[in-house]
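Make a model of the complete structure from these sequences and hints.
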Amino acid sequence: MKKIILVGKPNSGKSLLFNQLTGLRQHVANFPGVTVELKSGTFGDFEVVDFPGTYSLQAMSSDEIIAINQLHKALDHEDTALILCNLDATKLERSLVFALQAQALAKEHGKSVVFTLNIMDQVKRFGYDYDVEALSKVLGSPVYAISAKTLLGISEFTAALKKHAAAPEKCQVQETLLTQLSPLEAAKQIADEHGIKQELVLGNQTKLDNILLNSFFGGIIFVATMFFLFQSIFTWATPLMDLTEAGVFGVGEWVSGALPEGVVADFVNDAIFGGLGAFLVFIPQIMVLTLIIGLLEDSGYLARAALICHKPLSLFGLSGRSFIPYLSAHACAIPAIMAARTIESPRKRLVTMLTIPLMSCSARIPVYALLVAVLIPDERYLGGWVSLQGAIFFMLYFGGLVTALLVGRLLDIWIEKGEQRNDLPFILELPSYRLPHWRPLFYKTLNSGIAFVRRAGPVIFTVSLVIWVLGYFPEQGNLQSSWLASIGKLVEPVFAPLGIDWRYAVAILLSFLAREVFVGVLGTMFAIENAEENMSGLVEQMQADGFTFATGVALLAFYVIALQCVATVATLKGELGKNRYSWGIFVAYGLLAYLVSFLLYTMLS
Amino acid sequence: MTIWDLPKKTSGKVARFNLNMPENLKTRLNEMGFTVGQLVTCMKRTPFNGPLVIQVQDCVYSVDKQIASQIEIQS
Ligand SMILES: Nc1nc2c(ncn2[C@@H]2O[C@H](COP(=O)(O)OP(=O)(O)OP(=O)(O)O)[C@@H](O)[C@H]2O)c(=O)[nH]1
Ligand SMILES: [Mg+2]
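Note that the protein sequences, when read in sequence, are chains A and B. If you're matching positions, the first sequence starts at 1 in the numbering used here and goes up one per residue. If you're matching positions, the second sequence starts at 606 in the numbering used here and goes up one per residue.
Among these hints, one or two may not hold up.
[As the list claims (entries may be wrong)] Mimicking DMTMM-like on lysine to aspartate or glutamate, the simulated pairs with C-alpha atoms at most 20 Å apart in a straight line are:
1. Lys618(B) - Glu199(A)
2. Lys670(B) - Glu429(A)
3. Lys631(B) - Glu93(A)
4. Lys618(B) - Glu93(A)
5. Lys631(B) - Glu185(A)
6. Lys614(B) - Glu93(A)
7. Lys124(A) - Asp663(B)
8. Lys618(B) - Glu185(A)
9. Lys207(A) - Asp663(B)
10. Lys613(B) - Glu429(A)
Everything labelled a hint here was simulated from the structure, so no lab data went into it.
Next comes the structure, spelled out in structure tokens:
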């Protein structure tokens, strides 16, 4: 299939345009450096390839190196029909610096170029309009004014793109008056003549920055935002969680009522509704987290947050650029490790990648939420917007961050000796503030819930099944004398110093398959144990079981630190190209987790 | 005087880059808009010698001391 290569300045809307052309849902967010690897999709009879954004053909960070190398390859390849170069109409000069370089290179290789002048909706709102025809003439390639967001001009553009891609020889790069100038000079001249005035664009941005980056309020707003984010995962999701729980139990009661008493009914009750059901209850939390991170990503605030964090983070061997990977690691560590590619300094990038697994990813949410609900009373303040449980939830996230910073500091000292200190400095573009777009946000939120079930659901189902068989037999429902108990008692001594009995030890070991398995396994075991009693939530069952505070804290600490995710280790291995850190980090975090939870348990009991 | 010495809400024209600055970084700064003769404005300074907020043409950047103190300006 012939290819259309989509390149351009960072944060110019390439991925949003790519999504509109292909119908896919690539990650789109309002800060430079969102896309860090090539992504393909089909558009009519063509393949469109979305590239990481670059400021110039001379690459500095590793996402740029990927983009530039692949661009050179694509230009040499005969399958490449067209270079589609995206310009940000609100930042014409910056966009043109790269665009003109890319255009000149394409011309050398005999490839044709088409320009899109994106974000025209904003330009129009500022009361400006481009003379597209004049711009095409001066650039020597066709230009289309579009908005990938409001779809302004998109239908004309897609029709034209198909035509150009089918017959690229008809839109060869033309000689223009500016061809003999350097891209820098030409960009300046064209922008002076055609571009929108910077005062129009920057007016609102400056006003907001004056508040959000204020020396005093800026820090307070930042901390408040983060606190609000993490505690709302718990507080906001509670009503939804209760609803899901009621739903699961409603269906459970109805189904088991319809079944004749016996092994089958017990199985459905314990393994399906006890095990899998205990896990489904946490979908709302995952979705609330995605929604709030999505809102922040789209607003443009994250680049400001990176600025605010730069100084404090650099004390720990990190950079302000580490902030965004750290934040997205709270959803999942894997894309976050990839996102660390945008960090220019290789050393800081390494430290960031190795500490990312300490951020509490969404797989820990079920464990945190369960244990917090068991241990902490439900008290609410400020009309229900803030709760005690939510605040403790925040503390857990904070605990992960603090551990990451300390480990970062250690790594920083340690790596400095071995690896050469090769630091590139911190410079980050602050994008314009934008109102988030509800539709992609809605899909992103919905998909996070679906992805959560897809990823962990099958594992939890299988594990619950096995656990049920081992826990139910041979004495038909007597957990304490089951096969599972005999196996569990073997590992019990290892975990006894943390104050937990064999049931929790089994749950911990099995959560190396996936962290969420913890709740599934406990759900199944408690359902077997409490079969005679009325159905109640896992939380009440654990409270009635005499679960102590010290044990709870020890367990929480263990889950904050331990790296119980094979996929994360594999991603680290892929990004680092050598094993010595990835498995080392896996073992190190396991031991650290054990040590910290042992100390906490001893102190508290 | 360098960009790092610019007080808040003042501007200056880029005069030259520190001689020790690596060539690739200099090119990149050029491409980001820091060209000799270009007017740059310090929009904000952050506490504890944190990064500056610098406006150059159509872009606003956050720039740390390491870079800002290597770009000299005529005041
Ligand atoms: N108002 C408006 N916003 C847009 C338009 N196109 C993109 N955006 C927004 O611009 C931001 C950046 O979009 P992306 O598609 O992630 O940009 P990108 O070029 O892929 O960025 P990198 O992957 O970092 O190179 C997002 O917040 C988009 O919602 C547009 O036409 N109008
Ligand atoms: Mg992108």
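Within a Cα-Cα threshold of 20 Å, do Lys631(B) and Glu93(A) meet the stated pairing?
At roughly 18 Å apart (the allowed maximum being 20 Å), Glu93(A) and Lys631(B) satisfy the hint.
Just to be careful, I want the Cα atoms of Lys124(A) and Asp663(B) compared with a cutoff of 20 Å; is the pair within it?
Holds, at about 17 Å.
What's the verdict on Lys207(A) and Asp663(B), does the C-alpha distance respect the 20 Å limit or exceed it?
16 Å, holds
If you draw a straight line from the CA of Lys613(B) to the CA of Glu429(A), is it 20 Å or shorter?
Answer holds: Lys613(B) to Glu429(A) is near 18 Å, not above 20 Å.
Compare the distance between the alpha carbons of Lys670(B) and Glu429(A) with 20 Å, and conclude whether the hinted pair is satisfied.
16 Å, holds
Compare the distance between the alpha carbons of Lys618(B) and Glu93(A) with 20 Å, and conclude whether the hinted pair is satisfied.
Since the Cα atoms of Lys618(B) and Glu93(A) sit roughly 18 Å apart, the hinted pair holds (cutoff 20 Å).
Holds or violated: Lys618(B) and Glu185(A), Cα atoms, limit 20 Å.
Distance of about 17 Å is within 20 Å: holds.
Next pair to validate is Lys614(B) with Glu93(A); report whether the Cα-Cα distance is within 20 Å.
23 Å, violated
Is the hinted pair Lys618(B) and Glu199(A) satisfied, with a Cα-Cα distance of at most 20 Å?
Holds, because 18 Å separates the two Cα atoms, which is no more than 20 Å.
Starting from Lys631(B), check that the Cα of Glu185(A) is at most 20 Å away, please.
Roughly 16 Å between the alpha carbons, so the hint for Lys631(B) and Glu185(A) holds.
Comparing the model with each earlier hint shows a violation of hint 6 alone; every other hint is respected.
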